[in-house]
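Student: So you can see what is in the structure, the chains are spelled out below.
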Amino acid sequence: MGWQEFFKGLFKADINAKVADTVQTGDGDTFKGCTFVINLNIPEAAVEQDGKKVINPEKLSQDKLNMLLALLNSRTQELPKGETIVLTTKDNNWAEDIKRKDSAPDVREILEFYKDKIPAADLIILRQAMYIKKVFLERRNQDVRNMKRDIRDKYGKRGANITNLCTAGYYEKDFNEMYEELSKIYITEDKIKAKFLSLYDPYVDDLPCSVFVSIGMKEEDIEKQIVTRLKYGIDYIKVHGIGSSNVKRVKKVISVLEKTMSIEKNIIDDNNVITAELTFAKRQED
Amino acid sequence: MAEEIITFTEDQKTKEFILKIFGKTVDAEGYIVEIDNPAQKVLTPDGEALLFEDFAGVQKGSELFIKSDLPSIFKVATRGQ
Numbered sequence: 001m002g003w004q005e006f007f008k009g010l011f012k013a014d015i016n017a018k019v020a021d022t023v024q025t026g027d028g029d030t031f032k033g034c035t036f037v038i039n040l041n042i043p044e045a046a047v048e049q050d051g052k053k054v055i056n057p058e059k060l061s062q063d064k065l066n067m068l069l070a071l072l073n074s075r076t077q078e079l080p081k082g083e084t085i086v087l088t089t090k091d092n093n094w095a096e097d098i099k100r101k102d103s104a105p106d107v108r109e110i111l112e113f114y115k116d117k118i119p120a121a122d123l124i125i126l127r128q129a130m131y132i133k134k135v136f137l138e139r140r141n142q143d144v145r146n147m148k149r150d151i152r153d154k155y156g157k158r159g160a161n162i163t164n165l166c167t168a169g170y171y172e173k174d175f176n177e178m179y180e181e182l183s184k185i186y187i188t189e190d191k192i193k194a195k196f197l198s199l200y201d202p203y204v205d206d207l208p209c210s211v212f213v214s215i216g217m218k219e220e221d222i223e224k225q226i227v228t229r230l231k232y233g234i235d236y237i238k239v240h241g242i243g244s245s246n247v248k249r250v251k252k253v254i255s256v257l258e259k260t261m262s263i264e265k266n267i268i269d270d271n272n273v274i275t276a277e278l279t280f281a282k283r284q285e286d
Numbered sequence: 001m002a003e004e005i006i007t008f009t010e011d012q013k014t015k016e017f018i019l020k021i022f023g024k025t026v027d028a029e030g031y032i033v034e035i036d037n038p039a040q041k042v043l044t045p046d047g048e049a050l051l052f053e054d055f056a057g058v059q060k061g062s063e064l065f066i067k068s069d070l071p072s073i074f075k076v077a078t079r080g081q
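Taken in order, these protein sequences are the chains called A and B.
The numbering used here numbers the first residue of the first sequence as 1 and each following residue consecutively.
The numbering used here numbers the first residue of the second sequence as 1 and each following residue consecutively.
With the rest of the complex left out, here is chain A (with noise of 0.2 Å):
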């Protein structure tokens, strides 16, 4: 007994033809290629709707009825481990959706470039946050707030900033300059990686009171960005920055500030790569 016999006579006798191809397609017992769709709420035993065979196991015959169960119940005995037995067709579409995306050439680059730069539970947030950033691209928000909040759920603070870092376009950017820039610096491979992953992994901890200075930063964009820490209440705040011209204007800034604010400094200049810990006194105001 196999799935031709089941379908045999189910649908009028056009689809049926179709049916059979497709098994046919298969070694005779197998539905090769093929979907179907399990659905207890349209009226007839067995439709195509949308390209699709939709069977409802409540108006089939008993003898139909005892094929299906016992088709499953071989399914589930013979698919290897971890493969899908059964999913909702709203999250078949899901996972199909995730393999386009997840296979895009701009995804596979970037997931290829930190594979063995940054630790490897980061690598799986930050291929969901690829596609997460691909649905946000089509405009799909509540999609995009549910798959955040998915995220937060599983891998905690850490994943959240992951995945709005990814959002920002900081793997394709502002790391990726930070490890090209570390390159000119550091000759060995293993040092590169091991002082990029000194400077990403507190960065991605403490994203909130984090400024990363990148290439094409202006002064007042690194000033911008530290006011606004501040405006919501963010008094410490760890400004990154590497390469000469970085680290000079992030001291200048630092210095601008320092004319209106008391600041507890304390700041690491390690080979043109700088790590400025700023501490801001509560203003008057606050």
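Note that these hints are calculated values from the structure, not bench results.
Given the structure is predicted, the values throughout are model-derived calculations rather than measurements.
Mixed in with the good hints there might be a few duds.
Stated by the list, open to error - Calculated cross-link-like contacts (lysine to aspartate or glutamate; reagent style EDC-like; alpha-carbon spacing at most 20 Å):
#1 A/LYS90 with B/ASP11
#2 A/LYS259 with A/ASP206
#3 B/LYS75 with A/GLU181
#4 B/LYS75 with A/ASP122
#5 A/LYS195 with A/GLU177
#6 A/LYS148 with B/ASP11
#7 A/LYS53 with B/GLU10
#8 A/LYS53 with B/ASP11
#9 A/LYS191 with A/GLU180
#10 A/LYS154 with B/ASP54
#11 B/LYS13 with A/GLU44
#12 A/LYS117 with A/ASP201
#13 A/LYS154 with B/ASP11
#14 A/LYS224 with A/ASP174
#15 A/LYS248 with A/GLU258
#16 A/LYS154 with A/GLU223
#17 A/LYS195 with A/ASP143
#18 A/LYS173 with A/ASP206
#19 B/LYS75 with A/ASP97
#20 A/LYS148 with A/GLU223
Dock chain B against the given chain A, drawing on the hints supplied.
Tutor: Chain B only, in chain A's frame:
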């Protein structure tokens, strides 16, 4: 994913039918439980009790119940990649 795809619609009646095939039902709080031991909640591979409304499907495991959230569906979509 397997070459043949069997999906089911998200309505309550169809989801309950699918769960019944796997010997599961839904308790008063909306969690999926074993029919023959309703005190036993079904767990996802992450050890999380699964609400009926979050039920996405079943993977061969022996029995892996899939939650309808991004990390779980991502795992389904990218299996073996």
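Student: If a hint holds in the structure, say so; if it does not, say that too.
Tutor: These are the hints, each one checked on the structure:
no.	hint	verdict
1	A/LYS90 with B/ASP11	holds, 11 Å
2	A/LYS259 with A/ASP206	violated, 26 Å
3	B/LYS75 with A/GLU181	violated, 35 Å
4	B/LYS75 with A/ASP122	holds, 15 Å
5	A/LYS195 with A/GLU177	holds, 13 Å
6	A/LYS148 with B/ASP11	violated, 25 Å
7	A/LYS53 with B/GLU10	holds, 16 Å
8	A/LYS53 with B/ASP11	holds, 18 Å
9	A/LYS191 with A/GLU180	holds, 13 Å
10	A/LYS154 with B/ASP54	holds, 14 Å
11	B/LYS13 with A/GLU44	holds, 16 Å
12	A/LYS117 with A/ASP201	holds, 11 Å
13	A/LYS154 with B/ASP11	violated, 26 Å
14	A/LYS224 with A/ASP174	holds, 17 Å
15	A/LYS248 with A/GLU258	holds, 15 Å
16	A/LYS154 with A/GLU223	violated, 34 Å
17	A/LYS195 with A/ASP143	violated, 36 Å
18	A/LYS173 with A/ASP206	holds, 19 Å
19	B/LYS75 with A/ASP97	holds, 13 Å
20	A/LYS148 with A/GLU223	violated, 29 Å
Figure legend: structure checked against the earlier numbered hints; hints not met, in rising order: 2, 3, 6, 13, 16, 17, 20.
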